[in-house]
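Engineer: If you want the building blocks of each chain, they are given just below.
Protein chains: 2
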Amino acid sequence: MAQQHPDPTDPTAGVVTGDALAGYLRTQATEFLRALRLHRETGGGGSNGVEESVDAARALRRSARRISGSLHTFRPLLDTTWSEEIRPELAWLSGTLALEHAYEARLERLLVALHRLSGSTAVPAQAVGAAVGGHPSPGASPERGNLTVGAAKAGALLDRQLTLARTRAHSTALQALGSSRFHAVADKVALLASEVPLTPTAATTDLHPLASAAEERLTDAIAALPLVTAGHPYNAEALVHGLSPDPSPHPQDGPWHQVRLLLRLHRYAREVLHGTEAPVDLRLLTAGQALNRHRDASEAAAAAAQAARTPRIAPATAYALGVLHADQRHEVEAARFAFEQCWQKQTVAAP
Amino acid sequence: MAQQHPDPTDPTAGVVTGDALAGYLRTQATEFLRALRLHRETGGGGSNGVEESVDAARALRRSARRISGSLHTFRPLLDTTWSEEIRPELAWLSGTLALEHAYEARLERLLVALHRLSGSTAVPAQAVGAAVGGHPSPGASPERGNLTVGAAKAGALLDRQLTLARTRAHSTALQALGSSRFHAVADKVALLASEVPLTPTAATTDLHPLASAAEERLTDAIAALPLVTAGHPYNAEALVHGLSPDPSPHPQDGPWHQVRLLLRLHRYAREVLHGTEAPVDLRLLTAGQALNRHRDASEAAAAAAQAARTPRIAPATAYALGVLHADQRHEVEAARFAFEQCWQKQTVAAP
Numbered sequence: 001m002a003q004q005h006p007d008p009t010d011p012t013a014g015v016v017t018g019d020a021l022a023g024y025l026r027t028q029a030t031e032f033l034r035a036l037r038l039h040r041e042t043g044g045g046g047s048n049g050v051e052e053s054v055d056a057a058r059a060l061r062r063s064a065r066r067i068s069g070s071l072h073t074f075r076p077l078l079d080t081t082w083s084e085e086i087r088p089e090l091a092w093l094s095g096t097l098a099l100e101h102a103y104e105a106r107l108e109r110l111l112v113a114l115h116r117l118s119g120s121t122a123v124p125a126q127a128v129g130a131a132v133g134g135h136p137s138p139g140a141s142p143e144r145g146n147l148t149v150g151a152a153k154a155g156a157l158l159d160r161q162l163t164l165a166r167t168r169a170h171s172t173a174l175q176a177l178g179s180s181r182f183h184a185v186a187d188k189v190a191l192l193a194s195e196v197p198l199t200p201t202a203a204t205t206d207l208h209p210l211a212s213a214a215e216e217r218l219t220d221a222i223a224a225l226p227l228v229t230a231g232h233p234y235n236a237e238a239l240v241h242g243l244s245p246d247p248s249p250h251p252q253d254g255p256w257h258q259v260r261l262l263l264r265l266h267r268y269a270r271e272v273l274h275g276t277e278a279p280v281d282l283r284l285l286t287a288g289q290a291l292n293r294h295r296d297a298s299e300a301a302a303a304a305a306q307a308a309r310t311p312r313i314a315p316a317t318a319y320a321l322g323v324l325h326a327d328q329r330h331e332v333e334a335a336r337f338a339f340e341q342c343w344q345k346q347t348v349a350a351p
Numbered sequence: 352m353a354q355q356h357p358d359p360t361d362p363t364a365g366v367v368t369g370d371a372l373a374g375y376l377r378t379q380a381t382e383f384l385r386a387l388r389l390h391r392e393t394g395g396g397g398s399n400g401v402e403e404s405v406d407a408a409r410a411l412r413r414s415a416r417r418i419s420g421s422l423h424t425f426r427p428l429l430d431t432t433w434s435e436e437i438r439p440e441l442a443w444l445s446g447t448l449a450l451e452h453a454y455e456a457r458l459e460r461l462l463v464a465l466h467r468l469s470g471s472t473a474v475p476a477q478a479v480g481a482a483v484g485g486h487p488s489p490g491a492s493p494e495r496g497n498l499t500v501g502a503a504k505a506g507a508l509l510d511r512q513l514t515l516a517r518t519r520a521h522s523t524a525l526q527a528l529g530s531s532r533f534h535a536v537a538d539k540v541a542l543l544a545s546e547v548p549l550t551p552t553a554a555t556t557d558l559h560p561l562a563s564a565a566e567e568r569l570t571d572a573i574a575a576l577p578l579v580t581a582g583h584p585y586n587a588e589a590l591v592h593g594l595s596p597d598p599s600p601h602p603q604d605g606p607w608h609q610v611r612l613l614l615r616l617h618r619y620a621r622e623v624l625h626g627t628e629a630p631v632d633l634r635l636l637t638a639g640q641a642l643n644r645h646r647d648a649s650e651a652a653a654a655a656a657q658a659a660r661t662p663r664i665a666p667a668t669a670y671a672l673g674v675l676h677a678d679q680r681h682e683v684e685a686a687r688f689a690f691e692q693c694w695q696k697q698t699v700a701a702p
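Protein sequence lines, in the order shown, are assigned to chains P and A.
The letter at position 207 of the first sequence is residue 207 when you use the numbering used here, and the numbering goes up by one with no holes.
For any residue, its number in the numbering used here is found by taking its place in the second sequence, counting from 1, and adding 351.
Any given hint could turn out to be false.
[Said to hold, decoys possible] Here are some, though not all, of the chain P residues that point toward chain A, as calculated from beta-carbon distances under 10 angstroms:
1) Leu71
2) Ala156
3) Leu164
4) Ala165
5) Pro233
6) Leu239
7) Gly242
8) Thr317
9) Gly322
10) Val323
11) Ala335
Keep in mind that the hints were calculated from the coordinates and are not lab data.
We treat Cβ as the ideally placed atom computed from N, Cα and C, and that holds for glycine.
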């Protein structure tokens with residue numbers, strides 16, 4: 001992928017055509033197959049196997065998202081039937097593979113927050129699990145000593161529930177990777193690595209208009225966000241409905257999640273145009289991190305609220321989960337503020 | 352009190368002497384006696400009596416605080432024995448009178464927060480009590496409909512506990528106002544209204560050095576506050592120790608409460624120098640409001656935590672109280688941010 005034209009918004013920039021798209025898709029497909037091979041080799045899991053297997057699953061998801069995203073953005077340049085067949089399958093695959101890691105990260109986030117709320121500092125992630133997971137070890141006792149009964153019980157409850165969910169997600173992912181459905185996707189990606197089904201005119205079509213359309217969808221969605229409110233610190237918006245009887249009380253998070261996905265599509269489109277080796281736009285990186293934090297805190301808050309609905313828990317446990325829920329909803333608000341700061345500052349600073 | 356010199360920091364300003372202090376103390380003593388008369392007339396409580404009685408108690412506290420504060424700041428200019436006798440008595444009086452109003456305001460703050468957290472908007476304070484207090488009326492049902500069982504039970508529990516505390520504080524205040532201890536204070540204040548026990552040299556002593564010392568104590572205390580942290584929105588400091596096993600987990604609030612008192616002393620010293628009719632410094636007003644909000648939110652958070660320790664409450668109630676506690680601790684953090692913004696902005700803006 002020779003990339004002479006680093007700025008897609010530069011009107012004097014030359015043409016990057018469907019050929020570059022084909023090259024990008026072939027690269028991602030090759031990455032996918034490499035990750036798949038690695039996953040099969042490590043999936044059985046020896047002593048180092050677990051970590052390598054996690055890396056492989058992450059790499060699989062990474063390339064699956066990029067293939068799927070590019071098919072979406074550059075849809076008109078690709079064979080429609082093929083594209084419409086493979087996209088939902090890639091989404092299913094990356095969604096299934098993402099769950100295990102998501103549950104693990106959610107548990108870690110919540111346990112670290114519980115320790116912060118209990119006033120203990122700099123708790124190593126591993127010690128957290130040991131300290132609150134109901135298996136105290138002599139080394140973990142200083143951390144445990146700082147937890148109230150409520151915080152310790154809340155931690156143990158979350159540990160139980162999210163570890164169970166993670167284990168189930170792990171089994172589901174293993175089943176998925178052994179399924180005929182998966183083999184059909186893998187075969188399609190293997191074909192993609194050698195031959196990309198472009199439309200007859202795609203090879204000479206400029207990619208910029210479709211990439212710009214993806215960027216416009218992003219900027220339109222950002223313009224519709226309540227950024228003025230988000231830019232006022234401590235606006236207390238994220239916790240409104242925190243005690244609402246509505247079982248899904250946070251529709252306010254939806255538009256932010258949507259912007260997170262559109263930002264990702266925009267980033268992938270930039271990779272197609274500029275090459276994967278081009279330096280990452282710092283603004284997009286920071287904005288993306290804020291939106292990831294928003295999503296993670298939103299889901300962690302929901303997990304704390306969900307755990308509080310467990311029958312027959314002690315009031316002290318429920319109280320700790322309430323504090324934890326509110327804490328994570330404020331993380332949601334903080335992430336919106338961080339996004340607003342990074343986005344607005346650079347919009348103003350741009351020439 | 353003729354006031355030719357509006358700026359106590361202006362080195363060219365002329366001298367304001369102990370005469371001005373005597374005038375100020377006489378005025379405040381007269382206010383105290385007027386408020387006391389009004390309180391006695393309305394204390395029995397007819398239909399309008401309650402509100403007037405509340406106003407009278409507020410006016411009593413207001414002048415008691417000003418007399419006590421001025422005696423502290425300008426201590427060297429006043430008869431020591433007299434001053435050391437009357438100050439703790441005035442502090443006891445204004446403390447006793449303040450409690451009833453404090454419990455009432457705390458309950459209102461917590462009920463309004465519960466409604467906000469339940470997603471209902473613009474709830475009139477009176478409707479709140481009716482909606483969550485366990486006495487639903489047809490008019491209050493829309494608000495009640497938006498409360499979960501947990502939020503409604505938490506509201507009812509807080510209503511019960513803080514109303515009981517308020518009732519007790521009311522009785523204590525009435526007893527105090529009928530006590531011989533109170534009559535001794537009132538007699539002393541009555542004497543003060545006609546004759547202020549200045550030291551022999553006070554009448555010709557410049558008040559500025561003592562007023563400046565009060566201001567320095569304020570600026571020193573502010574300099575010791577963690578303002579850099581407070582100026583970073585969403586620093587999550589206020590909720591650290593939110594689940595600490597320590598029964599008084601918020602020593603971090605102490606220095607802010609102290610600044611609130613020093614700010615008040617500084618404001619009273621300015622009143623002595625500039626007269627009570629001089630316009631209030633907007634910065635001091637805003638800073639004082641932020642510190643009041645800090646104190647109120649800190650105490651409301653403690654009341655929610657305290658209510659959660661009630662034996663045999665339902666988990667849903669405890670969960671709602673946990674969310675409420677965290678919400679008020681974030682109000683604490685927001686108040687610190689507001690203080691930092693108002694204080695730093697004007698420090699920079701000052702010539």
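Engineer: Against this structure, judge whether each hint is valid.
Structural biologist: Results of checking the hints against the structure:
Against a cut-off of 10 angstroms between C-beta atoms, the interface hint on P:Leu71 is violated, since the closest Cβ of chain A lies about 38 angstroms away. Residue-level restraint check for P:Ala156 is violated (minimum Cβ-Cβ distance to chain A is 14 angstroms; threshold 10 angstroms). At its closest, the beta carbon of P:Leu164 sits 20 angstroms from a beta carbon of chain A; the interface hint therefore is violated under the 10 angstroms criterion. Proximity of P:Ala165 to chain A is violated relative to the hint, the smallest CB-CB distance being about 21 angstroms (cut-off 10 angstroms).
A least Cβ separation of about 3 angstroms between P:Pro233 and chain A falls short of the 10 angstroms threshold, and the interface hint therefore holds. Satisfaction of the interface hint for P:Leu239 is found here, the shortest Cβ-Cβ separation to chain A being roughly 6 angstroms, below the 10 angstroms cut-off. Look at P:Gly242: its Cβ gets to within about 5 angstroms of chain A, closer than 10 angstroms, so that hint holds up. The beta carbon of P:Thr317 comes within 7 angstroms of a beta carbon in chain A, closer than 10 angstroms, and the hint placing it at the interface holds.
Interface restraint check: P:Gly322 against chain A, minimum CB-CB distance 2 angstroms, threshold 10 angstroms, status holds. Against a cut-off of 10 angstroms between C-beta atoms, the interface hint on P:Val323 holds, since the closest Cβ of chain A lies about 4 angstroms away. Given hint, P:Ala335 at the interface with chain A, holds; its Cβ is 9 angstroms from that chain's nearest Cβ, closer than 10 angstroms.
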